[in-house]
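Residue numbers (the numbering used here), protein chains in the order written: chain W, 1 to 132; chain C, 1 to 132.
Quick caveat, the hints were computed from the structure, so don't treat them as lab data.
Be aware that one or more of the hints could be misleading.
Result set (DSS-like, lysine-lysine): computed pairs, CA atoms no more than 27 angstroms apart in a straight line [said to hold, decoys possible]: (1) W:Lys12 <-> C:Lys12; (2) C:Lys89 <-> W:Lys89; (3) C:Lys89 <-> C:Lys12; (4) W:Lys12 <-> W:Lys89.
There are 2 protein chains.
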Amino acid sequence: MTDDREWLGQIKWSADGLVPAIAQDADSHDVLMVAWMNRDALQETLRLGCAVYWSRSRQALWRKGEQSGNEQEIREIRLDCDNDVILLKVEQRGGIACHTGRRSCFHQRLDGGQWRTVEPVLQDPGSIYGSG
Amino acid sequence: MTDDREWLGQIKWSADGLVPAIAQDADSHDVLMVAWMNRDALQETLRLGCAVYWSRSRQALWRKGEQSGNEQEIREIRLDCDNDVILLKVEQRGGIACHTGRRSCFHQRLDGGQWRTVEPVLQDPGSIYGSG
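Let's have the full structure, built from the sequences with the hints guiding it.
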């Protein structure tokens with residue numbers, strides 16, 4: 001085991017102990033989503049080999065895909081030059097990262113002064129998370 | 001002119017009036033950097049057709065490349081499903097987004113419990129910003 005403190009300590013965690021983490025599809029290179037990580041989330045991500053985030057609303061760790069099956073298998077973890085943003089290069093299981101059933105969360109494009117949804121729903125959100 | 005209030009109002013600005021903005025190379029699809037935008041930064045970005053961010057340290061608008069010449073010409077502006085992160089697809093002038101003279105700010109890769117720099121310096125930072 002490596003001493004985790006050094007590489008974790010290099011990250012500039014916010015006052016809340018968080019940094020934003022971008023998930024990028026390692027094959028298509030699409031930016032899939034942005035979520036938050038704390039130290040535990042990043043350590044769990046490394047341990048499990050799939051993305052674990054920190055839910056600010058639920059104040060709990062959240063393994064991406066734990067409900068939907070759409071896990072994000074980690075290929076690579078990057079850190080930016082300011083040490084305050086993480087980039088995960090992932091294999092997106094099921095090809096769907098967004099809770100709306102779309103491939104990517106960035107499906108709204110600014111076009112003529114409006115945000116237009118430019119990606120199709122690939123899977124019914126009800127079937128992903130249950131409609132009950 | 002479109003009424004800006006509707007599309008700007010749809011964005012969930014933080015209490016500080018900011019959202020993170022990811023710049024992605026529209027051709028290579030590399031994630032180049034993450035910075036912050038307020039309403040003015042986004043409106044200026046749209047008006048000029050190149051990326052303008054908000055510098056939290058200087059508390060001022062900052063046109064990317066105003067010193068270095070490495071501007072980011074906007075191809076597309078996306079918003080995520082939560083309306084709180086912006087994705088800019090850009091043409092990166094000079095091929096260098098990072099102040100260290102590297103292509104991307106995400107040049108540190110986690111490898112064996114260490115962050116290793118995995119991208120070369122393409123341009124001397126001194127020559128980009130002046131060494132005086």
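Hints, one by one, checked against the model:
Under the criterion of a C-alpha separation no larger than 27 angstroms, the hint pairing Lys12 of chain W with Lys12 of chain C is consistent with the structure, at around 24 angstroms. With a C-alpha separation of about 18 angstroms, the suggested pair Lys89 of chain C and Lys89 of chain W falls inside the 27 angstroms cut-off, and the hint holds. At most 27 angstroms may separate the alpha-carbon atoms for a hinted pair to count; Lys89 of chain C and Lys12 of chain C meet this at roughly 20 angstroms. Proximity of Lys12 of chain W to Lys89 of chain W is assessed by CA-CA distance (about 20 angstroms); at most 27 angstroms being required, the pair is judged to hold.
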